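Participant: Given only the sequences and the hints, what does the whole structure look like? Please build it.
This is what each chain is made of:
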Amino acid sequence: MFDPQWLPTIMIFLPLLGSLLILVTPGRWRDEVAGFMAAVTLGLGLMIWYAGGSGLLSLNWIPALGITYSVELSGVSLALAMVTAFMSFIAVLYAARRIPNPGTMLALILAMETGLLGIFAARDLILFYVFFEDALLPSLLMLAIYGKAHRMRALVKFAAYTLFGSLLMLVSIIGVRYLGGSPTFALVDLKQHLVTGPAQTWLYIGFLTAMAVKLPLWPLHAWLPDFHEQNHDSGIPDVMGTLYKVGGYGLFTFAIPLFPDASLELRPILMGLAAFTALYSAWIAFGQKDWKRLLAYAGLSHMGFVALGVFSLNETAVIGAMYLLAFQNLYTGALFLSVGMVQERIGSLDTRVGGLMTGAGALGGMTMALWFASIAVPGFAGFIGEFSVLLGAYQVSPWLAFTAGLTVIAAAAYALTAFQTTFWQSRPLGGVVVRDLVHTEWLILGLPLAVAIFFGVYSAPALNLMQPAVKSVLAALGGN
Amino acid sequence: MLPLLFLLPLLPLMGFALLMLFPRLFPGKSGGWVATAFIGTAFVVAVVRYLGQTDTPAQETLWTWLPNMALNANLSVGFYLDQLSALMALIITGIGFLIHLYSISYMSHDAKFTRFFAFLNFFVAMMLILVLADSYPLMFVGWEGVGMASYLLIGFWFSGRGSESSDKDIRAAGEREGVNNSNAARKAFIMNRIGDLGFMLGMFLLYKLYGTLSIPELATRVEGVSVATAGVELACLFLLVGAIGKSGQLPLTTWLPDAMAGPTPVSALIHAATMVTAGVYLITRSHFLYELAPNASLWVAWVGGLTALYGALAALNQHDIKKILAFSTVSQLGYMFLAVGVGAYSAGVFHLLSHAFFKALLFLAAGAVIHALHDEQDVRRMGGMRKFMPFTHIVSGIGVLAISGIPIWSGFFSKDAILAAAFETQPALYAIGLIVALLTAFYMGRWYFLVWRGEYRGAEATGVAHPHEADTITKIPLGILAAGATLIGFLNIPTFLGGGHAFDTYLGRAIPQEAHEISASTEWTLTVLAVVVGVAGLAWAYAAHRASKLDNGPLGQFSASALYLDNVYDGLVAAPSKAIAGALDTVDRGTDGLIGSIASNAAAPGALFTMWQSGFVRAYAVSMLLGTAGIIGYWALKMVGSGA
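For the protein sequence lines, the chains are L and F, in the order given. Residue numbers for the first sequence follow this note's numbering, beginning at 1 and rising by one. Residue numbers for the second sequence follow this note's numbering, beginning at 481 and rising by one.
Keep in mind that the hints were calculated from the coordinates and are not lab data. Warning: the hint list may mix true and false statements.
Taking lysine-lysine and the BS3-like style, the derived pairs with C-alpha atoms no more than 30 Å apart in a straight line are [what the hints assert, rightly or not]:
no.: 1; chain 1: L; residue 1: Lys471; chain 2: L; residue 2: Lys191
no.: 2; chain 1: F; residue 1: Lys648; chain 2: L; residue 2: Lys289
no.: 3; chain 1: F; residue 1: Lys688; chain 2: F; residue 2: Lys509
no.: 4; chain 1: F; residue 1: Lys955; chain 2: F; residue 2: Lys867
no.: 5; chain 1: L; residue 1: Lys471; chain 2: F; residue 2: Lys1058
no.: 6; chain 1: F; residue 1: Lys803; chain 2: F; residue 2: Lys688
no.: 7; chain 1: F; residue 1: Lys509; chain 2: F; residue 2: Lys955
no.: 8; chain 1: F; residue 1: Lys688; chain 2: F; residue 2: Lys592
no.: 9; chain 1: F; residue 1: Lys955; chain 2: F; residue 2: Lys1058
no.: 10; chain 1: L; residue 1: Lys289; chain 2: F; residue 2: Lys1058
no.: 11; chain 1: L; residue 1: Lys289; chain 2: L; residue 2: Lys148
no.: 12; chain 1: L; residue 1: Lys148; chain 2: F; residue 2: Lys1058
no.: 13; chain 1: F; residue 1: Lys648; chain 2: F; residue 2: Lys803
no.: 14; chain 1: L; residue 1: Lys157; chain 2: F; residue 2: Lys1058
no.: 15; chain 1: L; residue 1: Lys471; chain 2: L; residue 2: Lys289
Given the structure is predicted, the values throughout are model-derived calculations rather than measurements.
Facilitator: Structure, rendered in structure tokens:
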């Protein structure tokens, strides 16, 4: 077996290769090629995990500018990369089943996977930026090609928010190196040359803005509901969009080590913002009549928890935030797909249909279980994340933890209300009896659910990855 | 070699997985028998562990689970068996087994027969995790798990039983039933979640105070580490909120009567005998904290006392055979809270035990009647059932005597212990308890006379001219429960009656005992008073029955609408929340518009910016790319120039 150092690079670019390959593959083999590539990528992730992390690979990329190609998958980034590879595989499975002539969609999914894996692996700020922008293109294209009637409005909004954030981030990135005097943009070098004083705060705010758009965090979240509402009915682009919520990860990996003083200084404000986001969006979700908008706000509420955990700088809370960030992809993504399946059957995304479960018991049951996972019922992975976040945040600020904790109640209200009016109660007069799950649909919902249960009951594998990583990052703060 | 503790929850969990994943392997009623066998095996395990118990609690740890939540370590999943949890495990698996057995007959005509048993098994598994957990977070797994099971079972007939019918009227009734059942299930879960937040905050605060959430660790830390009393008091109040939610106490009580929408065995098992007593269990389990928090304990007692009164008042004028029992459950749970609030943990748990028997008995008997009358639940359309169902009549009578506190039945002993403990510490609460005892005897008497005595009034309305006695599978659990409701009291005969407090002594090895300070003569007086009150209540009901005035109980609409609590909540909480959600949605779409209009106004001056705001993504992308390139280029030139 060769050096695990190179595995992340292969893992990152394999999906891109697959994406290009699909363009030249005859139509009837495209599903298989995409599925194979996605599965191999996931396998590579497992290999890295088995090897106990990849170690850092660092090459000079553009020496004149001090830009390096530094990648590493270990700890938190490895966990996130594996979830990404897993959910991309699920998305490929469903695209192959649901979308007629799915070549373009499959290529876009794989292309986006490359960008996302790159974001998690990058250990150089410019490289991070490159992958960050790279993942944007496929998601814009998915919306543009497969979106609904008002997609242009949603697309402009999404692009404008993201690019505005990116610009600030780029300025901050350059500022970090220039003001700190680091020889390269590699994270290891930057950590040795921290910017100090008020400049650090300003650079942090710049970086934070970009990440707040991508978290997202109130008030920079407005693109999110439209993005999900206008995307393809199947929910496949929404799965990838959920995976693209990398703000929490960026803050954890780059912002805390590079801006330690500023993170401490702004902690109360940012925690307040995060707690508010969680409660505010859960409450709005309660009033939604469109499943996609509902799930968008539910996801936003989870991101409020993630942000609360990261901003609190408490070890337990940060572990919880990373746990939640990784595993919410499973059930939020799978919920988008289950909603896609509902739409395929009844042609509507409205939450007030009623009686679906009389025909589609398994679809209803799986959706219910995923909802329970989503509202952090213990026994599912989400609980470990949310509970740790709230417990850690309570140690820092009881009132904010209480505010965010109210979300627990609101979440039960929005989830069960929408579920009840769609799946329970009686079928409307003249409504069709819908078909239950068939073929791969069982796997598409069942696999994420099984993984979410596994890591909710037996957390050690994921905890062993995350706990040391979080400890070492927080150690930079000088023993919190 | 004793069987390991994890087998207890694992056995029913296996039953659940099997019945959920492979329902087709179990044709006919076999699924019900399999589920019952799993619970039966779990009961055997519980008995073996009970018999093999020593004075030192057993703790068995499995694997690590939550980060940092034990003392300087990650928290593990582990089970803990002391006298309290052993007793709870016996109640859950024992009563659970009987109710499973009963359900094989009761649910035999249901289309989702196997599914029902899967859910019941799931419930038992979660309840066992709740009582056997060695840490608060693991207890919380069971805590929310039983909530989930309760949600699934209350909403078991989520679409209404007749909603697919071709008959228009049956269909409309089915649709209404579907909406009602679904709403009841959802309400139960959401109200429980309010309590759960309290429970969670309690855990957070305990962690802050003591740095661990493992219960045995906490129990030792509490003695060694001194923290501000205010902190412990607050933590205990938080835990009380959790207990209130789960046990349907004031003010989170309104979900429990609604939960009667579920099938009757569910009401018996979950909403009477086991799940709703979890709050009492939580407080008893946390006794080492409540002992440090006198004010919080007082709150527990008053919540219990007031809820006991509330439940009794609301039960006076109900017309649904199950609703009367539901409010009675609320009221009896109030008694248990009262007991643990005044420090009489053993009395509270003893009442929990006897209540599990007589209330499960009453519910199952009510289920038999409902079946015999083809789903009729209105007591005004019953009457004279003793002629049709003699066996069920006798066991129901035993249940009524037990709950009314008539000697020798179990309720007499357990209620007496609570009233005596209240008399010692809180005379006002004792007075409330005595009034509640009177009301209890009356409304249970009303229940008994309306259902079993007098003339059969429902032949026309129900269409059943000759109701049939229950079958054998139904009779076995009823008989065993009736025997229990009669004899369980003798486990704990108080000293002044010549007994040895066997139950108190047993539980005393795990939970501290309150010191008895009242004299035997006072105790005699209290006992006689309690019995007189119970007999008076039954006599009152009998007198009203003779005068044919039982159809409508006292207090009219005030009692029938459960003191209007539901209406208050709908007006004060439900409607405003919905309105706020709508308003926030508008605001949220507005923020968006606001930012959008700022952007377009900012771009207004100058034709150049107008062109730039073309709305085409490619234009944005290009300008961003150019801008980015420009900045990178600038820095590049600068750095190259400076030789960096």
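Participant: For every hint, state whether the structure bears it out.
Facilitator: We went through each hint and held it up to the structure:
no.: 1; hint: L/Lys471 with L/Lys191; result: holds (16 Å)
no.: 2; hint: F/Lys648 with L/Lys289; result: holds (29 Å)
no.: 3; hint: F/Lys688 with F/Lys509; result: violated (51 Å)
no.: 4; hint: F/Lys955 with F/Lys867; result: holds (16 Å)
no.: 5; hint: L/Lys471 with F/Lys1058; result: violated (42 Å)
no.: 6; hint: F/Lys803 with F/Lys688; result: violated (42 Å)
no.: 7; hint: F/Lys509 with F/Lys955; result: holds (18 Å)
no.: 8; hint: F/Lys688 with F/Lys592; result: violated (47 Å)
no.: 9; hint: F/Lys955 with F/Lys1058; result: violated (47 Å)
no.: 10; hint: L/Lys289 with F/Lys1058; result: holds (12 Å)
no.: 11; hint: L/Lys289 with L/Lys148; result: holds (17 Å)
no.: 12; hint: L/Lys148 with F/Lys1058; result: holds (29 Å)
no.: 13; hint: F/Lys648 with F/Lys803; result: holds (28 Å)
no.: 14; hint: L/Lys157 with F/Lys1058; result: holds (28 Å)
no.: 15; hint: L/Lys471 with L/Lys289; result: violated (42 Å)
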